[in-house]
Each structure stands twice: as structure tokens, then as C-alpha cells.
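Engineer: One-letter residues, chain by chain:
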Amino acid sequence: MDALKWSSNKITSFNFNLSLLACLLITLFAIFSFSPAIAAEDKLGNSNNTVTQQLGVKSPATDLWRAVRQREFKGSAGLSSSSQVKSMGSTEFINIKGQEWRNFRMGQLVPYAAYLLGGVLLVLALFRLIRGKIKIKAGRSGKKILRFSPFQRFVHWSTAILFVILGVTGLLLTFGKSGLIPIIGGKAFGAMAGVGKVIHDYLGPVFGIMLLIMLFTFIKGNFGNWTDVKWFFKGGGMFGGHASAGRYNGGEKAWFWVAILAGAVVVVSGIVLDFPYFNQTRDDLQLSHLVHAIGSVGILAASFGHIFMGTVAMEGAYESMRTGYCDENWAKEHHDLWYDDLQAQGVVGAGASMSGSAVAGVGAVAAGAMLREPSSNASGSTDGSAHVSGGSSDIDKQGLMDTGVSSSKKTPVKTADKKSASSSSSQSKKTGSSSTSGESDNLKKIEGIGPKIEEILKGAGLSTFSQLSHSNPDDIKVILNDAGPRYKMHNPKTWPQQAELADKGAWDELSDLQDRLLGGRE
Amino acid sequence: MANVKFYCDSERCIECNGCVTACKNENDVPWGVNRRRVVTVKDGEPGERSLSVACMHCSDAPCAAVCPVDCFYTTDNGIVLHDKETCIGCGYCSYACPFGAPQFPESGAFSSKGKMDKCTFCAGGPEETGSAEEYQKYGANRIAEGKLPLCAEMCATKALLAGDANVVSDIYRQRVINRSMSTLASNVGIQKNFLGSSPDLTGKATK
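These protein sequence lines map, in sequence, to chains A and B.
Residues 1048 to 1569 (this note's numbering) are what the first sequence spells out, left to right.
Residues 147 to 353 (this note's numbering) are what the second sequence spells out, left to right.
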């Protein structure tokens, strides 16, 4: 009996110990119910399966925490969570993306951005040391060509200054902790970064607007073509050899599109971060930051190259964006196709009456606007009567010149037509006959006509100033169009008028007129 | 020194939001900020559970890791605090925190982020202990007065536990053992054998 009792006691105590063990295990994984919970359950399930079943004491808290840990409250299990507190992510227990974002920022962004940006700077510094400054080989010609209009420069520098400020303040937030706090201390850096953060927040959207204006200002001439591909294959001529380029070379075009496209990505993601009250979730903000950071680092790396080439690396590059004008020899060496085009238009080169003060170029919007203003000293070379006879219908050559000089813009071409049609028909016949006998003038004296167009016009029978002065601009246009698509852009509107002055030998007046014309255009 | 922690017992929390209110009142929390919140799952369905969530005062705090101005610090008690003087309101801590503890008063010009605010475990901040400035910026410093966070002290069902991590886990462990023993008793019949009667388990969350 005693023995029996003893043995039954022993069995109970065994059971009791076993249950205590189970309880302990359950307690353990109730408290540390994250990943070990699953492992603990597996262990129980495998070795003590019967015990678990028998006891059935799986704590509901364990289930809850496991579900929380595995985020079953979103989607899959169909469990929903709610909270009386209404704020961003208030119904969420645990946001696992936070850890991923932390790993990205601290483990990837900060070190890799430092390697990339530092590496680019190192490469550029090495390039500068080995290659030296890229000189204008032929030396400065002293002749200036208009490359960027004041408006283009305004857009460029506004965007550039904003970019630098945003870049510096952004880098401050990224690298300040590891780079500056050890030097200047947390308090001082906090004050600095606080100002930087406000500036960054406020100027970011402004940069977005400037980027849009930049797109429309510089998109013309920045579309890629076959020349750019060849330019890239030749390494932009950086390693010897010559790579042809138009108004913008392949590198400039690539930078333009990187700035616009990556800039757009950075601006959009930045605005998501900047205005966090459109019901953005924390996941949205984390993703936006990721995109913002990667885009910014990319655009910064590219900008280093652009700033490098535009300032310390190349002679004559900075001044064209600073002053708007580039040296003629610089244009010949770095933008030869553009220079050829300008030459074809007669803006530069032998045919153009180039001087330090009379500078013309293509695409100069503001300069064109300036021309619309009547210029008082432009009529200085004509005699006093010119002012009076300006509006008369019976126009002689003096009067024609005057209409060109005065502010009534519409008249010159019309009067030229009228003249060629009626008044001096006899003169026209005379010069017409003389030209057939092989006589020819230097048509390049006319602004807008270069050696190539001169050839074309002479090929079409317009060899003298007189012949040109009596032709209709529309007819010349037809001749140019027939010569090929690249001459389509030339506008012969003022050529007959210029030719008439040249024919008359009124070189001073012609020079005055050309001072006011822009690449042979009004 | 003790290493303090919060723990919320899901078997006891009744979603009364007393902790939320207590916290707001004690700390004069900025408008729009809730340092503590109660999250409920399966609201109105069988198996409904609630948990009170706030800063968990992590040993390896993600907020402190990502802070670009390094304004976080951990006290000897393991309480994660931050310096509002240094904070720039960038929001990185709120991206990184798994519990949504750091929050921002929407007081900026574009209702953008102001200085971050978070649960202090009722331990104030870096300002002089007990000063008006400390209270204005961070709320009460109950720890300095030898008291525990008010949210846990106020908890009607003692679901929310706060204090030395060892004590908290001891209390919770005891609760789990008690609950398990009750269940065990009903299943295996120990209680019946020992006490001669079955326990009444009606209304228990565990079954």
C-alpha cells in the first residue's frame, strides 16, 4: 500500500515537474516571443508533442505577439488593428521597414555615398594633375562669340546656386554625424544642421521650379545625335584626338539630361518628405528618402564632373557662362560644328564684320530684344534728312535706310520689294546684264551670308550686290531650301536691303545696319 | 543600476486608454502628439486583444542610430532620451523606429515637422532636473522623484508594467505560470485531486 502510494506520488510529482518545465518554456517564449518563439514551439512540438497537447496551455499572448512579429495584421491573415489614437501609423504595432531603412541609411548610403563622391573627386584631381589644364591650343583670338544669352545665364546660375546650397545642406545631414560632430561637437553641429535643414526644406521646391525653367531654356540643342555617340567613343577628346561637337557636346547633353531627370526624381521625392501631411505612411517616407538619397548622390557625382570641366579643368569654359561670350578659338576647338554653323550664317569668320563691340550669335534672345529699341546713334552716319523722310512712300535709297534705322520695323523689306519692283528697274537691268559677263561681288560682306551660302547664291545666279538687292527674300529662301535642310534656318529677310547698301558703296550705313542685326536677322 | 522596460500584458489590457490620457496629462504633451497609444486587434471579434504601445527604450535604439545630429542618449537606467535643443526635426528617427514612438508637432510654416517628441519614461530630459524648462520641453521627471511612469501606475488592470526589467519579467512570469496552472488544473485534474473541486474557468481568456 505504502509502496503503491509512494509510486503514485512519484508519478504525480513527475507530472508536476513536467508541467512546470512546460510552463517555464511557455513563459520564456511568451516573454521573448519574437523569433525564438517559433523555435521553442518547434522543439515542444517535436519532442514533447503529447505534453503540449495534454496541457493545452499555449498562452494567447504568445499567439498575439507572434502575429505582431510576423505582421499578420496587414493583409494576409485578414486581421485588422485599430486605435483610438489617430495619427500616422498609429494602428501599427511594429514597422519592420524601419530596420531595413536604418540598415540602408547607416550601412549603405553613408559609406557608399562617401566612396562614390570621394572617388569622383579623386579621379578629377588626378585628371587635373596628370592632364593639366586644357588650354586653347591656338591661343585666344580676342574675338568673342555670344554663347549664352543673359536669360540663359540667369537660369543657369539660379539653378546652380540653389543646387550648391541644397547639396551642401544635404551632405551635411548625411555626413555630419561621422564627419563634423567629432570635430565641432554635437551642439554646434545641431545648430548648424538645424539652419541647413530649414534652408533645404524651403529651397527644395524653388529648385524644382528652376529645374522646370531650365528644361525649357536649354532643351533646344540638347537632344542627342550621332555626333554625340562618336563624341563618347572618343572619350570627348580627353585622351587625345579630336571629338567633334555641336553647340553642346555629348558630355554636356548627358549632364543636362541627368540634371533634369535625376533632378525631377529628387525634387518629387523631396516634396513627399517636405510636406508629410498628405496621409503619407512611414513606408512612403522611408521609400521617398531612399529614392531622394540615391538620386541626390548620383546627381552630385555628375555635378562634380560638370563643375570641374566648367571651371578648373578647361581654359575658356567658365567665361562663356560667366560673361555669355566665348573666345572664337575656344569655339573652334571644342564646338567645331557649332562654329561651322555660325560661319555658315555669317555670324563669325571672314565674311562677318566682326569686331570687339559688334558681336552677334544665334539664339541670343535678350540681344534680339535689345535690337527692337530704336537706336539714336545708329542713324548718326546718315544725314539729318533721314529722320524726316522716314515715313514717305516715295522712298529713295536714303529713305529706305532710314526706315531700317527708325523704329518702324515692318517697312524695310516691303519697301525693298516695292523698290525692286518699280522705281529702279532700269538699274536692275543694267546690273543684271553686267553680272552675266562674269562680274561678282564678295557677298560675305552681308551679315547672314557665309562662304557656303555665298557659293549657293552664286550658283543660283545671284553674284552681285545689285542682283541680290533686287531679289525677293522669299525667292532666296527657296534657293536656300533647295540647297539642303541645314540652310533652312537661315533667314534672308534683310539681305536685299544690305545688298542695296553694299551696291551703293554705303559701307558705313551697312556697318550700322549690321550692328543692329543679329546674325543677319532683325 | 536597473535597466528599465515597459511590458504590456495583452491578457489584461482592456483598451481603456487610461495610459494615453495619463501620459498626456502628466507630461503636457504637444498638440497632435501621442507618446503612448493603445492598439486593438480583432476589435469586436472573438480573440480581441489590446496592447499599449510607446517607446520601448531599446538597448540598440534605431532612432539614435540614424539621428543625423546625434541628439539621443541613453541614461544609466537604459532610458532613451533626446535633446530638443539639438534636434532639427528631420524625421529620420520616426522612419527608423519600429514602434512609431518619435512624433512631430505639426507647428512649422508648412505644418512641417517641429522638434521631435517621444516618451521619456517620465524621466524628463537633459535640462536641469525638476526645472520648469525641463517640464516645458519634456514633461514630468517622475523617475527623479522615485516614481514610475504614470501610464503604468495609472493602469487599472495592471496590464501595463514599467520598471526594472527583471522585476517586470518576474511579475509577468508569475502571471503566465498562474494562468497555465489554472488551465493545467482543469485539464489534468491536479486541482481536483488536491482540492477536491474543479476550478471555474468561465470568462477566462485562456482556455
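Read the hints as simulated data drawn from the structure, not as lab findings.
The reader is advised that the hints may include incorrect statements.
Said to hold, decoys possible - Each computed DSS-like pair below joins lysine-lysine, with the alpha-carbon atoms no more than 27 angstroms apart:
no.	chain 1	residue 1	chain 2	residue 2
1	A	1535	A	1491
2	A	1551	A	1267
3	A	1505	A	1491
4	B	230	A	1505
5	B	304	B	170
6	A	1551	A	1524
7	A	1551	A	1499
8	A	1184	A	1144
9	A	1379	A	1184
10	A	1234	B	293
11	B	188	B	304
12	B	283	A	1133
13	A	1144	B	293
14	A	1535	A	1267
15	A	1144	B	304
16	B	261	A	1133
17	A	1505	A	1540
18	A	1551	A	1491
19	A	1234	B	188
20	A	1234	A	1281
21	A	1505	A	1267
22	A	1234	B	304
23	A	1234	B	261
24	A	1144	B	261
25	A	1133	B	304
26	A	1505	A	1524
27	B	230	B	261
28	B	230	A	1144
29	B	293	B	304
30	B	188	B	293
31	B	293	B	170
Said to hold, decoys possible - If we take Cβ atoms under 10 angstroms as the criterion, some of the chain B residues that face chain A in the derived model are:
no.	residue
32	216
33	238
34	274
35	275
36	276
As the list claims (entries may be wrong) - Just so you have them, the derived chain B footprint on chain A, three or more residues with Cβ under 8 angstroms:
no.	segment
37	1141 to 1154
38	1553 to 1562
If you're wondering where the values come from, they're calculated on a predicted model, not measured in any experiment.
From the three backbone atoms N, C-alpha and C, an ideal C-beta is built for every residue, glycine too.
Engineer: Each hint: holds or not?
Structural biologist: Consistency of the hints with the structure:
Pair hint residue 1535(A) plus residue 1491(A) holds up; C-alpha atoms about 18 angstroms apart against a cutoff of 27 angstroms. Under the criterion of a C-alpha separation no larger than 27 angstroms, the hint pairing residue 1551(A) with residue 1267(A) is inconsistent with the structure, at around 39 angstroms. Simply put, residue 1505(A) and residue 1491(A) have alpha-carbon atoms about 11 angstroms apart, close enough for the 27 angstroms limit, and the pair holds. A threshold of 27 angstroms between alpha carbons decides the hint, and for residue 230(B) with residue 1505(A) the separation of about 81 angstroms lies outside it, so the pair is violated.
Pair hint residue 304(B) plus residue 170(B) holds up; C-alpha atoms about 19 angstroms apart against a cutoff of 27 angstroms. Of the pairs offered as hints, the one joining residue 1551(A) and residue 1524(A) holds, with about 24 angstroms between alpha carbons and a cut-off of 27 angstroms not exceeded. A distance of roughly 24 angstroms separates the Cα atoms of residue 1551(A) and residue 1499(A); the hinted pair therefore holds under the 27 angstroms criterion. Annotation: proposed proximity of residue 1184(A) to residue 1144(A) is violated, straight-line Cα distance about 57 angstroms (limit 27 angstroms).
For a cut-off of 27 angstroms, the pair hint linking residue 1379(A) to residue 1184(A) stands: about 10 angstroms separates their Cα positions. The suggested pairing of residue 1234(A) with residue 293(B) is violated, with an alpha-carbon distance near 31 angstroms, which exceeds 27 angstroms. For the given pair, residue 188(B) sits about 22 angstroms from residue 304(B) by alpha-carbon distance, which is consistent with the 27 angstroms threshold. With a CA separation close to 23 angstroms, the supplied pair residue 283(B) and residue 1133(A) stays within the 27 angstroms bound.
This hinted pair does not check out: residue 1144(A) and residue 293(B) have alpha carbons roughly 35 angstroms apart, beyond 27 angstroms. With a C-alpha separation of about 16 angstroms, the suggested pairing of residue 1535(A) with residue 1267(A) holds against the 27 angstroms cut-off. Annotation: proposed proximity of residue 1144(A) to residue 304(B) is violated, straight-line Cα distance about 31 angstroms (limit 27 angstroms). Note on residue 261(B) and residue 1133(A): the hinted pairing holds, with a Cα-Cα distance of about 20 angstroms set against a maximum of 27 angstroms.
Proximity of residue 1505(A) to residue 1540(A) is assessed by CA-CA distance (about 18 angstroms); at most 27 angstroms being required, the pair is judged to hold. Taking the CA atoms of residue 1551(A) and residue 1491(A), the gap is near 16 angstroms; set against the 27 angstroms cutoff, the hint holds. Distance restraint check for residue 1234(A) and residue 188(B): the Cα-Cα separation of roughly 46 angstroms exceeds the 27 angstroms cut-off, and the hinted pair is therefore not satisfied. Of the supplied pair hints, the one linking residue 1234(A) and residue 1281(A) is violated, its CA atoms being roughly 51 angstroms apart against a limit of 27 angstroms.
Of the supplied pair hints, the one linking residue 1505(A) and residue 1267(A) is violated, its CA atoms being roughly 32 angstroms apart against a limit of 27 angstroms. For the hint linking residue 1234(A) to residue 304(B), the alpha-carbon distance of about 40 angstroms lies beyond 27 angstroms, and the restraint is violated. A C-alpha spacing of about 15 angstroms is found between residue 1234(A) and residue 261(B), which places the hinted pair at or below 27 angstroms, so the restraint holds. For the proposed pair residue 1144(A) and residue 261(B), the alpha carbon gap of about 23 angstroms is at most 27 angstroms, so the pair holds.
With a CA separation close to 24 angstroms, the supplied pair residue 1133(A) and residue 304(B) stays within the 27 angstroms bound. The suggested pairing of residue 1505(A) with residue 1524(A) holds, with an alpha-carbon distance near 14 angstroms, which does not exceed 27 angstroms. At roughly 6 angstroms between alpha-carbon atoms, residue 230(B) and residue 261(B) fall within 27 angstroms of each other, so this suggested pair holds. Of the pairs offered as hints, the one joining residue 230(B) and residue 1144(A) holds, with about 26 angstroms between alpha carbons and a cut-off of 27 angstroms not exceeded.
This hinted pair checks out: residue 293(B) and residue 304(B) have alpha carbons roughly 16 angstroms apart, not beyond 27 angstroms. The hinted pair formed by residue 188(B) and residue 293(B) fails the criterion: a straight-line CA distance of about 34 angstroms is larger than 27 angstroms. Only pairs whose Cα atoms come within 27 angstroms are accepted, and residue 293(B) paired with residue 170(B) is accepted, the gap being roughly 17 angstroms. A cut of 10 angstroms between beta carbons decides the hint on residue 216(B): the least distance to chain A is about 5 angstroms, and the hint holds.
Restraint check, residue 238(B) versus chain A: the minimum CB separation of about 7 angstroms is within 10 angstroms; hint holds. Interface hint at residue 274(B): violated, since its Cβ lies 16 angstroms from the closest Cβ of chain A, which is beyond the 10 angstroms cut-off. Because the smallest distance between the Cβ of residue 275(B) and any Cβ of chain A comes to about 19 angstroms, over 10 angstroms, the interface hint for this residue is violated. Taking 10 angstroms as the C-beta cut-off, the interface hint given for residue 276(B) is violated, the closest approach to chain A being about 22 angstroms.
Counting residues of the segment 1141 to 1154 of chain A whose CB falls under 8 angstroms from any CB of chain B gives 9; the rule of at least 3 is met. With a cut-off of 8 angstroms between beta carbons, the segment 1553 to 1562 of chain A has 0 residues touching chain B; three or more are needed, and the interface restraint is violated.
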